[in-house]
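A.B. asks: For reference, the chains in residue letters:
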Amino acid sequence: MSTRRLLELAHLNIHNANALSSPYTIGFPAMTAWLGFVHALQRKLNAAGYPTLELVATGVFSHRCDLQTHQGPGDFVHSIIGTANPLDKDGKRSAFIEEARCHLDVSLLIEYQAQESDEERMQRPEFMALLEQLLTRMKVAGGDLLSFNTPQLHVLDDSEPQAVRRLLLNLMPGFALIERRELMQQAMEEGADALDALLEYLTIHHSCEQNDTGEVTWRSQRKAGIEGEKPGWIVPIATGFHGISPLGLAKNQRDPDTPHRFAESIVTLGEFRMAHRIHSLDEVLWHYHTDLNRDLYLCQQAQPEITDTINDGRY
Amino acid sequence: MAKVKDIASVLAFEKKLVPSDGFFYGTTWDNKDQVTPLALQEKSVRGTISNRLKAAVKNDPAKLDAEVEKPNLQTVDACALGTEQDTLKHYFTLKILGGVETPSACNSAGFKASYQQAAKAYIEKEGFTELARRYAINIANARFLWRNRVGVEQIEVQVKVLNKDQTQSWIFDATQYSTRHFDYADKQLTELTDKIAQALAGGDTSLLLEIATFAQLGKAQEVYPSEELVLDKGKSKKSKVLYQVQGHAAMHSQKIGNALRSIDTWYPAFADQEKTAGPIAIEPYGAVTNLGTAFRTPKEKQDFYSHFDKWARGEALSRVEDEHYVMAILVRGGVFGESDK
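Residue numbers (full-length UniProt numbering), protein chains in the order written: chain A, 1 to 315; chain B, 1 to 341.
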């Protein structure tokens with residue numbers, strides 16, 4: 001079919017990353033944070049002598065997400081573990097601002113394109129040295145990048161399922177984050193409003209059955225489809241922004257030369273799916289998409305029309 | 001008064017000393033190779049009522065008896081060495097980055113240019129040796145052990161460079177280095193200082209150090225990981241929650257960072273026998289949390305912002321120590337934007 005060129009950044013060990021994944025939820029960092037990191041990396045590589053290199057799409061695989069919360073015995077909710085900030089100028093304790101943090105072990109699979117000359121030079125050891133030097137100095141999702149495995153370049157034909165499989169199995173055990181916007185769309189077509197549609201997939205329903213002998217068995221489960229199939233490990237995730245003001249200038253904006261626009265987050269559903277259940281790279285790769293007519297700035301996936309594997313909700 | 005166009009309302013610096021969490025292992029002084037990760041233990045204890053009581057209770061013997069008879073039940077986290085272990089191994093890695101002359105965010109080109117000029121002039125003149133020497137001494141004296149350092153018989157700090165193709169390493173006897181002053185200069189320290197100074201001054205370079213510390217505390221002695229700040233504990237009665245990473249007792253990276261940058265001996269009260277707090281951590285207001293005091297107040301014009309506003313716009317500071325202090329804050333990192341009001 002087509003040749004894919006991939007840069008694998010395996011086991012990025014990230015410390016104290018921002019775990020505010022959307023305005024309403026905490027957990028795995030938002031998709032915008034991951035694509036933002038990859039975009040920053042591309043800019044640095046462009047500036048460092050690879051002007052035609054483009055990092056076009058990114059797959060995110062989580063091996064560990066250690067959310068900094070505490071749940072004591074008997075507690076129903078988790079509480080955020082905070083950080084104490086230094087005293088202010090009067091020696092008084094400054095206000096506590098609750099910020100959710102997490103420690104992560106994440107692998108990124110980045111598809112790249114470049115012109116032939118840059119492409120050739122990327123195969124040389126200098127490129128790897130440069131890449132490692134740049135990565136050491138970068139932050140990811142607001143956290144410190146403490147260590148990472150040696151980056152690797154792969155060139156593979158994605159009509160070769162064996163090659164794709166080998167690559168993905170390297171990332172085991174790990175969970176790929178994939179977009180499940182269609183679940184929201186379905187629910188909203190059936191008349192639910194956005195928040196209801198989101199919550200419905202996250203709520204755990206408890207139900208009980210009584211059999212002939214009078215024994216009661218309780219079952220707790222999340223929403224299942226009509227035929228009882230389970231939708232998988234569904235999480236709410238922020239995937240972009242919706243502009244709510246015209247382009248213009250704002251006071252104290254970060255870059256005085258670029259027009260500014262106020263925006264709100266777009267939250268939809270995503271799924272963590274274990275790497276061995278992924279069959280094509282398109283299932284996991286996210287890329288930027290803008291729809292300026294509707295003021296949308298999105299991170300999205302090429303939506304596969306039909307997945308031939310039936311998801312039974314097991315990992 | 002600065003020109004209005006040179007005000008940077010968005011100004012931020014990333015930290016240049018990036019420590020990992022510190023992990024706790026139990027081992028023995030004679031066989032340091034054999035280590036086991038330490039886990040937290042939960043204890044429930046029957047305490048006494050020992051807080052100050054209200055006058056009404058204090059002066060009525062019957063009420064006092066009733067009060068102190070009440071058991072004060074507590075659940076706390078604790079961490080200790082094993083019965084056959086006499087030594088704590090404390091392990092972390094430290095990344096040291098250069099590039100302090102470039103802010104990570106700045107929205108005023110004019111300010112950025114004048115700042116960069118000042119920073120480059122400092123680097124050329126001082127080469128970061130004074131700051132690097134102090135950071136190196138804080139590694140060598142094992143200040144980052146905090147409470148675990150008190151009453152220890154022997155401490156050994158092993159420092160190793162982890163960068164590719166580099167094999168340097170040093171071993172320091174931490175008991176030979178006081179945490180009260182920085183008047184040391186031996187061969188090992190000079191080597192480590194040079195390494196750190198090169199990394200800080202080197203623009204886009206980085207240095208990765210591995211720091212393993214062995215502290216001989218005595219068999220089965222208690223050790224002190226970081227305590228977690230849980231403001232809203234819900235119903236749970238646990239009054240002390242300690243930090244762990246997947247079951248492994250640990251010290252917060254922030255706490256290690258604070259110890260490493262405890263190099264400020266340039267604040268006004270340092271020379272004052274009664275008021276001095278020894279070397280304090282580099283903070284914009286010279287804040288020391290456990291004393292509840294800010295040692296550098298804007299009133300005395302000794303805080304970071306007073307110095308920085310002058311220095312970054314090209315004015316000379318009266319003492320070179322003030323320049324060291326300003327640069328140390330930038331190495332620490334933070335958000336320093338200024339309002340144009």
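Any given hint could turn out to be false.
[To be verified] Result set (DMTMM-like, lysine to aspartate or glutamate): computed pairs, CA atoms no more than 20 Å apart in a straight line: (1) B/K237 x B/E227; (2) B/K164 x A/E132; (3) B/K255 x A/D88; (4) B/K112 x A/D255; (5) A/K44 x B/E14; (6) A/K44 x B/E101; (7) A/K251 x B/E338; (8) B/K43 x A/D75; (9) B/K240 x A/E54; (10) A/K251 x B/E222; (11) B/K219 x B/E300; (12) B/K15 x A/E119; (13) B/K15 x A/D118; (14) B/K160 x B/D33; (15) B/K301 x A/D88; (16) A/K44 x A/E98; (17) B/K164 x A/E126; (18) A/K230 x A/E215; (19) A/K89 x B/D309; (20) B/K299 x A/D88; (21) B/K240 x A/E182; (22) B/K160 x B/D183; (23) A/K139 x B/D204; (24) B/K275 x A/D90; (25) A/K89 x B/E300; (26) A/K223 x A/D193; (27) B/K301 x A/E271; (28) B/K240 x B/E222; (29) A/K89 x B/E153; (30) B/K301 x B/D272; (31) B/K275 x A/D88; (32) B/K15 x A/E132.
Rather than coming from a laboratory, the hints here were simulated on the basis of the structure.
A.B. asks: Each of the hints needs a verdict: does it hold here or not?
C.D. replies: Consistency of the hints with the structure:
no. : hint            : result
1   : B/K237 x B/E227 : holds (16 Å)
2   : B/K164 x A/E132 : holds (11 Å)
3   : B/K255 x A/D88  : holds (18 Å)
4   : B/K112 x A/D255 : holds (13 Å)
5   : A/K44 x B/E14   : holds (17 Å)
6   : A/K44 x B/E101  : holds (17 Å)
7   : A/K251 x B/E338 : holds (13 Å)
8   : B/K43 x A/D75   : holds (18 Å)
9   : B/K240 x A/E54  : violated (50 Å)
10  : A/K251 x B/E222 : violated (54 Å)
11  : B/K219 x B/E300 : violated (49 Å)
12  : B/K15 x A/E119  : violated (34 Å)
13  : B/K15 x A/D118  : violated (33 Å)
14  : B/K160 x B/D33  : holds (16 Å)
15  : B/K301 x A/D88  : holds (15 Å)
16  : A/K44 x A/E98   : violated (32 Å)
17  : B/K164 x A/E126 : holds (14 Å)
18  : A/K230 x A/E215 : violated (26 Å)
19  : A/K89 x B/D309  : holds (17 Å)
20  : B/K299 x A/D88  : holds (13 Å)
21  : B/K240 x A/E182 : violated (45 Å)
22  : B/K160 x B/D183 : violated (23 Å)
23  : A/K139 x B/D204 : holds (14 Å)
24  : B/K275 x A/D90  : holds (16 Å)
25  : A/K89 x B/E300  : holds (11 Å)
26  : A/K223 x A/D193 : holds (16 Å)
27  : B/K301 x A/E271 : violated (54 Å)
28  : B/K240 x B/E222 : holds (15 Å)
29  : A/K89 x B/E153  : violated (39 Å)
30  : B/K301 x B/D272 : holds (18 Å)
31  : B/K275 x A/D88  : holds (19 Å)
32  : B/K15 x A/E132  : holds (19 Å)
In this structure, the hints that do not hold are numbers 9, 10, 11, 12, 13, 16, 18, 21, 22, 27 and 29, in rising order.
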